[in-house]
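When we follow this note's numbering, the leftmost residue of the sequence shown carries the number 75, and every step to the right adds one.
Don't read these hints as lab results, they were simulated from the structure. Take these hints with a grain of salt, some might be off.
For lysine to any residue, the following SDA-like pairs were computed, each having C-alpha atoms within a straight-line distance of at most 20 Å [unchecked claim]:
(1) K91 - L109
(2) K105 - S170
(3) K182 - Q154
(4) K187 - V120
(5) K134 - Q154
(6) K187 - L124
(7) K91 - N133
Keep in mind the model is a prediction, meaning the values are calculated, not measured.
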Amino acid sequence: MQSPGVLIKEKDMTSIKAYIRTQSKSKQTVKVRFLLIERKTNLSYVSNLLVNPLYWDANKQGYGTSKQISSTQQNELNTQIQHIKYLMLDTFNTESPYGNLTSDLLSKIINEKLQPSIAFPKEKVEITPST
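Working from the sequences, and respecting the hints, build out all of it.
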């Protein structure tokens with residue numbers, strides 16, 4: 075597994091960066107965003123990972139060293155970020171040869187992989203008592 079500050083790169087120069095976007099650091103939490111760049115292709119994904127922008131380190135692409143954030147929380151976030159980067163790269167390598175991969179489609183595929191119960195809800199079966 076790569077360190078959180080390193081972009082995932084393929085031989086064809088595909089890179090994925092995790093970042094946050096906020097107007098001010100007064101917000102309590104913001105979503106982690108991802109940008110996949112490969113030559114003339116830019117695809118974005120907005121995750122459900124919430125972070126406090128006060129402790130975000132853009133160079134590490136995750137939480138920086140802080141006494142306010144436990145090492146367990148830092149490691150969990152870094153693991154989740156790396157997992158999403160892997161899913162993005164895997165999806166890009168699988169779907170891009172067909173030429174129809176957009177940010178919306180990428181988001182849909184990643185969300186299906188991360189949360190299959192939401193993407194494919196189980197059928198609701200009603201059981202009624204027999205009379």
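- Message: Given the hinted pair K91 and L109, is their Cα-Cα distance within 20 Å?
- Response: Status holds; Cα separation ~5 Å.
- Query: Can the restraint linking K91 and N133 be considered satisfied, given a maximum Cα separation of 20 Å?
  - Reply: With Cα atoms ~10 Å apart, K91 and N133 stay inside 20 Å; holds.
- Does Q154 lie within 20 Å of K182 when you go C-alpha to C-alpha? With Cα atoms ~18 Å apart, K182 and Q154 stay inside 20 Å; holds.
- Starting from K187, check that the Cα of V120 is at most 20 Å away, please. holds (14 Å)
- Message: Against the 20 Å threshold, does the CA-CA distance of K134 and Q154 hold or violate the hint?
- Response: Holds, at roughly 14 Å.
- Message: Does L124 sit within 20 Å of K187, going by the straight-line distance between their CA atoms?
- Response: Roughly 19 Å separates the two Cα atoms, so the pair holds.
- Query: Going straight from one Cα to the other, do K105 and S170 come out at no more than 20 Å?
  - Reply: violated (26 Å)
Hint check: a violation occurs at hint 2 only; the rest are consistent with the structure.
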